[in-house]
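Q: Residues per chain, in single letters:
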Amino acid sequence: MALTKQEWLALEEQAHELRKLCLDTTFWAGSAHIGGGMSVMDMLTILYYKYMKYDVANPQWEDRDRFILSKGHAGVALASLVCHVGFDDKEKLKTFNLSNSTMGIHLDSNKVKGVDASTGSLGHGLPIALGTALAAKVLGKDYKTYCILGDGECDEGSNWEAGMAAAHFKADNLISFVDRNKCMIDGPTEEVMKLEPLADKWRAFGFIVKEVDGHNFNELAEAIDFALENKGAPVMIIANTVKGAGVDYMEGDYKWHYGALNDEKYELAKASLEKYYAARKARAEKEGI
Amino acid sequence: MAGGLTYTATESTAFSTAEIYGKALCELGEKHPEVVALTADLGKSTKIGMFGEKFPDRYFNVGIAEQNMFGMAAGMAKAGLVPFLSTFSVFASLRSADQLHTDICYQNINAKIIATHAGTSFGQAGSTHHAICDMAVARSIPNLTVICPADGLETYNAVHAAYDNFGPYYIRINRGFDRVLYDTTDYGFEVGKAVTINEGSDITIIACGSCVFQAYQAAKFLETNDGLKVRVLNMHTIKPIDKEAIIKAVMETRRIITAEDHNVLGGLGSAVAEVIVEAGKGCAFKQLGIQDKFAPIGLHEDIMSTLGIDQNGIIAAVREVMGKDFELDDDWDDEA
Chain H
1 MALTKQEWLA LEEQAHELRK LCLDTTFWAG SAHIGGGMSV MDMLTILYYK
51 YMKYDVANPQ WEDRDRFILS KGHAGVALAS LVCHVGFDDK EKLKTFNLSN
101 STMGIHLDSN KVKGVDASTG SLGHGLPIAL GTALAAKVLG KDYKTYCILG
151 DGECDEGSNW EAGMAAAHFK ADNLISFVDR NKCMIDGPTE EVMKLEPLAD
201 KWRAFGFIVK EVDGHNFNEL AEAIDFALEN KGAPVMIIAN TVKGAGVDYM
251 EGDYKWHYGA LNDEKYELAK ASLEKYYAAR KARAEKEGI
Chain F
1001 MAGGLTYTAT ESTAFSTAEI YGKALCELGE KHPEVVALTA DLGKSTKIGM
1051 FGEKFPDRYF NVGIAEQNMF GMAAGMAKAG LVPFLSTFSV FASLRSADQL
1101 HTDICYQNIN AKIIATHAGT SFGQAGSTHH AICDMAVARS IPNLTVICPA
1151 DGLETYNAVH AAYDNFGPYY IRINRGFDRV LYDTTDYGFE VGKAVTINEG
1201 SDITIIACGS CVFQAYQAAK FLETNDGLKV RVLNMHTIKP IDKEAIIKAV
1251 METRRIITAE DHNVLGGLGS AVAEVIVEAG KGCAFKQLGI QDKFAPIGLH
1301 EDIMSTLGID QNGIIAAVRE VMGKDFELDD DWDDEA
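Which chain is which? The protein sequence lines are H and F, in order. Take the first sequence: its position 178, counted from the start at 1, is 178 in the working numbering, and no numbers get skipped. Just so we're on the same page, the working numbering is the position in the second sequence counted from 1, plus 1000.
Read the hints as simulated data drawn from the structure, not as lab findings. Keep in mind that a hint or two might mislead.
Derived pair list, reagent style SDA-like, types lysine to any residue, alpha-carbon separation capped at 20 Å [stated by the list, open to error]: (1) H:Lys-111 with F:Gln-1124; (2) H:Lys-113 with F:Cys-1105; (3) H:Lys-137 with F:Glu-1053; (4) H:Lys-170 with F:Asp-1057; (5) H:Lys-137 with F:Arg-1058; (6) H:Lys-111 with F:Pro-1142; (7) H:Lys-141 with F:Arg-1058; (8) H:Lys-170 with F:Phe-1055; (9) H:Lys-90 with H:Gly-104; (10) H:Lys-194 with H:Phe-205; (11) H:Lys-111 with F:Ile-1141; (12) H:Lys-137 with F:Lys-1054; (13) F:Lys-1031 with H:Val-138; (14) H:Lys-137 with F:Tyr-1059; (15) H:Lys-113 with H:Tyr-51; (16) H:Lys-141 with F:Ile-1141; (17) F:Lys-1293 with F:Gly-1266.
Okay, the calculated beta carbon distance ranges per label pair [as the list claims (entries may be wrong)]: (18) H:Trp-61 with F:Glu-1274: 42 to 48 Å; (19) F:Ile-1297 with H:Leu-98: 41 to 47 Å; (20) H:Gly-140 with F:Lys-1044: 26 to 32 Å; (21) F:Asp-1292 with H:Ile-185: 34 to 40 Å; (22) F:Phe-1294 with H:His-168: 34 to 40 Å; (23) H:Ser-99 with F:Ala-1273: 32 to 38 Å; (24) H:Asp-55 with F:Phe-1166: 21 to 27 Å.
Heads up, the beta-carbon is just placed ideally off N, CA and C, and yes, glycines get one too.
Make the full structure from the sequences, and use the hints.
A: What follows is the structure, encoded as structure tokens:
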């Protein structure tokens, strides 16, 4: 169902707050995987502010929906999120990446509340998410498992092992995304290792594939609503995104996979995020119902 | 162990080690609905398929995809299930090593890996299917308990212990029939505690897996023919290793031989050597095992003979070590 204008604007506001927090955390840490953090942020926002069941006072609540960030290097985004929704104190983000902090680049599920899996080694998230999804069926629970993969990560063979198994076991309670920002460390995905036709590949493995603008909440909502209603097969939502979305000098530049911010870059980024938010709000005002 | 299998020696020889594992897992499945089983197209070979026949809704054959199997198990354990995973040891330790390391051990989840066809027990399949470094890999991953049972009934005990204790377990068992060491499960199996198979004061053989039976046979032979009192320790748990039993053996026998169906680098022998060196107690020491080379093709017993980890190889090693007069080189009393 299409988002109401009010819902859409509320999501835009949360996404803006999260982008600012992610930027601040990167600045406090000196550097982080900010490019992929910004591209994945709208997916995180809509999952945690519209769809997922969770209890910040009881992070291990057994009926909660699960979220696995397979592209674990975007931990700076997930750390910002778990603090923003209240699993932990935002002040902790000031220790991100510092010695003896509980929060490093790749979040440890045994140390950071609200994190369901310790990811970082790529190609691990989808198998774990599949196991969590199938466990719900064994246990007779109706929680959902959400998983976000990076696009470059789709090079890893283990994703395709899990993809084959997800379809085989009819894991229709598993809802996956590819953050298709088209960049990886060494360059554009299509130059380093061609992924296209990516949607056809997931379809061939038995997924129902939805392709959306990963920065459009209305399109994301429609795809997630479809996945929640769908029975008999797993759904893969290919979210077309922009690396560094919201920070103009980072956008679409693979070199911002991991980057450092000095005072000047930090101020420029903050200003850019405000402009980005204004444009996003204007779109929601125009397209929302 | 209360409620353990009570096969006689004759009956237990009717089952392969993996079949006893399959029976133990079915027992656990009967009592505990949260136990699930996963395999990678080796349900029949590893006997985990016995669980699948009884509990099809809790059995997941993922096809030939070990990495996915380990990841799935991690997700299942995170959700409160107790997954048992079975594939060949060489794949469990190497093909899916990253998932074992990160998904299972780093997250410290309650998954149990029962890795079959350990060591050179799938001898004729050659080095692609020999697991000669799995204990070295497993032993060096934090949080992982590593067990190498001596026979079928010890496997039964190890599988139950794995369920009873929270955390990741790696249990390596052999293909086919092991020589039967125990005719009951009730001999005091405890994770991390060596079992004394034969008392002795001249020399100690510390063995695991299929080498324990061979060491026991060697000890009996040497007592009769050479008049030697050979202590044999069944060091079924490779990690955490029983330091106390090792140091006691050093102090009381001053001669140690280790025997394992595994590379001498990184396995039982290395673990024992680390304990001895750190304790600062000198002794004669010899490692039997695979001498850092790939093993030949053949029947398991033939390979063990070639490698010198069968009864004859162990007898020869004991005679060699006994022939060296280490005691003249040092003042043991002063050392002690």
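Q: Can the restraint linking Lys-90 of chain H and Gly-104 of chain H be considered satisfied, given a maximum Cα separation of 20 Å?
A: holds, 15 Å
Q: Hinted pair, alpha-carbon criterion (20 Å max): Lys-113 of chain H, Tyr-51 of chain H. Please report holds or violated.
A: Roughly 19 Å between the alpha carbons, so the hint for Lys-113 of chain H and Tyr-51 of chain H holds.
Q: Holds or violated: are the alpha carbons of Lys-194 of chain H and Phe-205 of chain H at most 20 Å from each other?
A: Within the cut-off at roughly 18 Å; holds.
Q: Does the alpha-carbon distance linking Lys-137 of chain H and Lys-1054 of chain F stay inside the 20 Å limit?
A: holds, 18 Å
Q: If I claimed the Cβ atoms of Asp-55 of chain H and Phe-1166 of chain F lie 21 to 27 Å apart, would that claim hold in this structure?
A: holds, 24 Å
Q: Lys-141 of chain H and Ile-1141 of chain F: Cα distance at most 20 Å?
A: violated, 33 Å
Q: Are the Cα positions of Lys-137 of chain H and Tyr-1059 of chain F separated by 20 Å at most?
A: The given pair, whose Cα atoms are some 12 Å apart, holds under the 20 Å limit.
Q: For the pair Ser-99 of chain H and Ala-1273 of chain F, does the Cβ-Cβ distance stay inside 32 to 38 Å?
A: About 34 Å separates the Cβ atoms of Ser-99 of chain H and Ala-1273 of chain F, which means 32 to 38 Å holds.
Q: Does 34 to 40 Å hold as the CB distance between Phe-1294 of chain F and His-168 of chain H, or does it fail?
A: About 36 Å separates the Cβ atoms of Phe-1294 of chain F and His-168 of chain H, which means 34 to 40 Å holds.
Q: Given the hinted pair Lys-137 of chain H and Glu-1053 of chain F, is their Cα-Cα distance within 20 Å?
A: The hint holds at about 19 Å.
Q: Run the distance test for Lys-113 of chain H versus Cys-1105 of chain F: straight-line Cα separation, threshold 20 Å.
A: holds, 19 Å
Q: Could one say that the CB atoms of Ile-1297 of chain F and Leu-98 of chain H fall in the range 41 to 47 Å?
A: At roughly 54 Å between Cβ atoms, Leu-98 of chain H and Ile-1297 of chain F fall outside 41 to 47 Å, so the hint is violated.
Consistency with the previously given hints fails for numbers 1, 16, 19, ordered from lowest to highest.
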